[in-house]
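Asker: Dock chain H against the given chain Y, drawing on the hints supplied.
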Amino acid sequence: MENNTIKQSAQKAVKGLWMALPMILGTVLLISLISAIVPKSFYLTVFSKNSFLDSLIGGLIGSISAGNPITSYIFGGEMLKQGVGLIAVTAFLVSWVTVGLIQLPAESAILGKKFAILRNVSAFIISVIVAIFTVLILGAIS
Amino acid sequence: MNLKTKLKQLPGSWYFLGTIVIVYLLLSVFNKGIYLDSLSFFNQIIYKIIPIFILVFILMTLSNYFITPKFVMKHLQEKGLKKWFFVIVGGILSSGPIYMWYPLLADLKNKGLSYGLIACFLYNRAIKIPLIPLAIVYFNWQYILVLLIVMIFASVIQGILLNKLMEVNK
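Going line by line, the protein sequences match chains Y and H.
If you read the first sequence in my numbering, its first letter stands for residue 1, the second for the next number, and so on.
If you read the second sequence in my numbering, its first letter stands for residue 1001, the second for the next number, and so on.
Next up, chain Y with everything else stripped away, as it sits in the complex (with noise of 0.2 Å):
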């Protein structure tokens, strides 16, 4: 593989994010949407107030997303503005990056099936660690 020239880098990066562009721009059309259509109260009924609990629905829900990072955080800093846990939207955040679902498929046929299905679990199961201990550690230092 040849090293790419800063102006075909850029051409890579202006790729990247346009292929980005529709997926991030539709996001923020939706959640605007879903904002002026669903109440605050929404929210707060699917999300319990058990850490726990919320940490899993919010894994779960960003386990079965799939896109650019930057729609997580767009998608998981309103969510947080909408009353929605930290430990749920950090537990979101990150089970969206490293729980691939619709990558699977792809990841088994290189790197083996019991590879894959064994990564994509434990990295769901990880990503309510990670949003619990997360959060733990921001409330002891602050």
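The set of hints was computed from the structure by calculation and includes no laboratory data.
Since the model is a prediction, treat every value here as computed from it, not as a measurement.
Just so you know, not all the hints are guaranteed correct.
[What the hints assert, rightly or not] Listed next, the in silico DSS-like pairs over lysine-lysine satisfying Cα-Cα at most 27 Å (straight line):
hint: 1; chain 1: Y; residue 1: K7; chain 2: H; residue 2: K1082
hint: 2; chain 1: Y; residue 1: K114; chain 2: H; residue 2: K1032
hint: 3; chain 1: H; residue 1: K1070; chain 2: H; residue 2: K1082
hint: 4; chain 1: H; residue 1: K1070; chain 2: Y; residue 2: K7
hint: 5; chain 1: Y; residue 1: K114; chain 2: H; residue 2: K1164
hint: 6; chain 1: H; residue 1: K1079; chain 2: H; residue 2: K1109
hint: 7; chain 1: H; residue 1: K1079; chain 2: Y; residue 2: K114
hint: 8; chain 1: H; residue 1: K1074; chain 2: Y; residue 2: K12
hint: 9; chain 1: H; residue 1: K1083; chain 2: H; residue 2: K1164
hint: 10; chain 1: H; residue 1: K1109; chain 2: H; residue 2: K1082
hint: 11; chain 1: H; residue 1: K1109; chain 2: H; residue 2: K1083
hint: 12; chain 1: H; residue 1: K1070; chain 2: H; residue 2: K1109
hint: 13; chain 1: H; residue 1: K1048; chain 2: H; residue 2: K1032
hint: 14; chain 1: H; residue 1: K1048; chain 2: Y; residue 2: K113
hint: 15; chain 1: Y; residue 1: K81; chain 2: H; residue 2: K1032
hint: 16; chain 1: Y; residue 1: K114; chain 2: H; residue 2: K1109
hint: 17; chain 1: H; residue 1: K1074; chain 2: H; residue 2: K1164
hint: 18; chain 1: Y; residue 1: K49; chain 2: Y; residue 2: K81
hint: 19; chain 1: H; residue 1: K1164; chain 2: H; residue 2: K1079
hint: 20; chain 1: H; residue 1: K1032; chain 2: H; residue 2: K1082
hint: 21; chain 1: Y; residue 1: K113; chain 2: H; residue 2: K1083
hint: 22; chain 1: H; residue 1: K1164; chain 2: Y; residue 2: K113
hint: 23; chain 1: H; residue 1: K1164; chain 2: H; residue 2: K1109
hint: 24; chain 1: H; residue 1: K1164; chain 2: Y; residue 2: K81
hint: 25; chain 1: Y; residue 1: K15; chain 2: H; residue 2: K1032
hint: 26; chain 1: H; residue 1: K1074; chain 2: H; residue 2: K1032
hint: 27; chain 1: Y; residue 1: K15; chain 2: H; residue 2: K1164
hint: 28; chain 1: H; residue 1: K1070; chain 2: H; residue 2: K1083
hint: 29; chain 1: H; residue 1: K1164; chain 2: Y; residue 2: K12
hint: 30; chain 1: Y; residue 1: K12; chain 2: H; residue 2: K1070
[To be verified] What the simulated footprint calls covered on chain H by chain Y, stretch by stretch (three residues with Cβ under 8 Å from a Cβ of chain Y suffice, anywhere in the stretch; the number is not a length):
hint: 31; segment: 1023-1037
hint: 32; segment: 1044-1051
hint: 33; segment: 1103-1110
[Claimed, not checked] Far from chain Y by the CB rule (all over 10 Å, computed), these chain H residues:
hint: 34; residue: F1057
hint: 35; residue: H1075
hint: 36; residue: K1079
hint: 37; residue: G1080
hint: 38; residue: L1081
hint: 39; residue: W1084
hint: 40; residue: F1086
Heads up, the beta-carbon is just placed ideally off N, CA and C, and yes, glycines get one too.
Answerer: Leaving out everything else, chain H in the frame of chain Y:
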């Protein structure tokens, strides 16, 4: 090329955006209140993220320029604890779609890279340095810093766990 062929070549994400735009157009006719509220919310978010996109572009260009799969592959073959260090750094610095890395990792697997190190590399790919400024805008630097540190530790734990589990399952 006719319109039908052109439409077939469009990625699914454009259909997603198109569908949402159609919903907005319908709302502008049938429910102006929700349409205007949504649009105002949309503007707020867009103004917030546009400047960050310029920084993301610069960081992505630099990462594409300096960090190539060849560079990462070379350092993944280090020995002992150094190997874990390079796997973490390699995962964080690697760019491009995740599936692009599967063949390279499979090749390294055949050359002796353990399943745990592969898992650790893939976990650290979740940490995207060019996107950190945007993450800080949405959360805060203290939260992002703690999250990144915890995630790096978690990647090593997942690596060790995967090594054990793959051994058990052999």
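Asker: Each hint: holds or not?
Answerer: Here's how the hints hold up against the structure:
1. K7(Y) x K1082(H): 33 Å, violated
2. K114(Y) x K1032(H): Roughly 52 Å between the alpha carbons, so the hint for K114(Y) and K1032(H) is violated.
3. K1070(H) x K1082(H): The given pair, whose Cα atoms are some 18 Å apart, holds under the 27 Å limit.
4. K1070(H) x K7(Y): Holds, because 19 Å separates the two Cα atoms, which is no more than 27 Å.
5. K114(Y) x K1164(H): 13 Å, holds
6. K1079(H) x K1109(H): Holds, at about 14 Å.
7. K1079(H) x K114(Y): 26 Å, holds
8. K1074(H) x K12(Y): 22 Å, holds
9. K1083(H) x K1164(H): 18 Å, holds
10. K1109(H) x K1082(H): Distance of about 17 Å is within 27 Å: holds.
11. K1109(H) x K1083(H): Satisfied, since the Cα-Cα distance of roughly 13 Å is no more than 27 Å.
12. K1070(H) x K1109(H): 15 Å, holds
13. K1048(H) x K1032(H): 24 Å, holds
14. K1048(H) x K113(Y): Distance of about 42 Å is beyond 27 Å: violated.
15. K81(Y) x K1032(H): 24 Å, holds
16. K114(Y) x K1109(H): 15 Å, holds
17. K1074(H) x K1164(H): Judged against 27 Å, a Cα distance of about 26 Å means the pair holds.
18. K49(Y) x K81(Y): 15 Å, holds
19. K1164(H) x K1079(H): Holds: K1164(H) and K1079(H) sit about 19 Å apart, inside 27 Å.
20. K1032(H) x K1082(H): 60 Å, violated
21. K113(Y) x K1083(H): 25 Å, holds
22. K1164(H) x K113(Y): At roughly 16 Å apart (the allowed maximum being 27 Å), K113(Y) and K1164(H) satisfy the hint.
23. K1164(H) x K1109(H): Between K1164(H) and K1109(H) the Cα gap is close to 16 Å, so the pair holds against 27 Å.
24. K1164(H) x K81(Y): With a Cα-Cα distance of about 40 Å, the restraint between K1164(H) and K81(Y) is violated, given a limit of 27 Å.
25. K15(Y) x K1032(H): 35 Å, violated
26. K1074(H) x K1032(H): 58 Å, violated
27. K15(Y) x K1164(H): With a Cα-Cα distance of about 40 Å, the restraint between K15(Y) and K1164(H) is violated, given a limit of 27 Å.
28. K1070(H) x K1083(H): 16 Å, holds
29. K1164(H) x K12(Y): 38 Å, violated
30. K12(Y) x K1070(H): It holds: about 17 Å lies between the C-alpha atoms, which stays within 27 Å.
31. 1023-1037: holds (count 5)
32. 1044-1051: This one holds; 3 residues, not fewer than the three required, reach chain Y with a Cβ under 8 Å.
33. 1103-1110: Satisfied; 4 residues make the cut.
34. F1057: The claim is violated: F1057(H) sits with its nearest Cβ about 5 Å from chain Y, within 10 Å.
35. H1075: 14 Å, holds
36. K1079: 22 Å, holds
37. G1080: Non-interface label on G1080(H) holds, nearest chain Y Cβ at 23 Å vs cutoff 10 Å.
38. L1081: 21 Å, holds
39. W1084: 17 Å, holds
40. F1086: The claim stands: F1086(H) keeps its Cβ more than 10 Å from every Cβ of chain Y (closest is about 18 Å).
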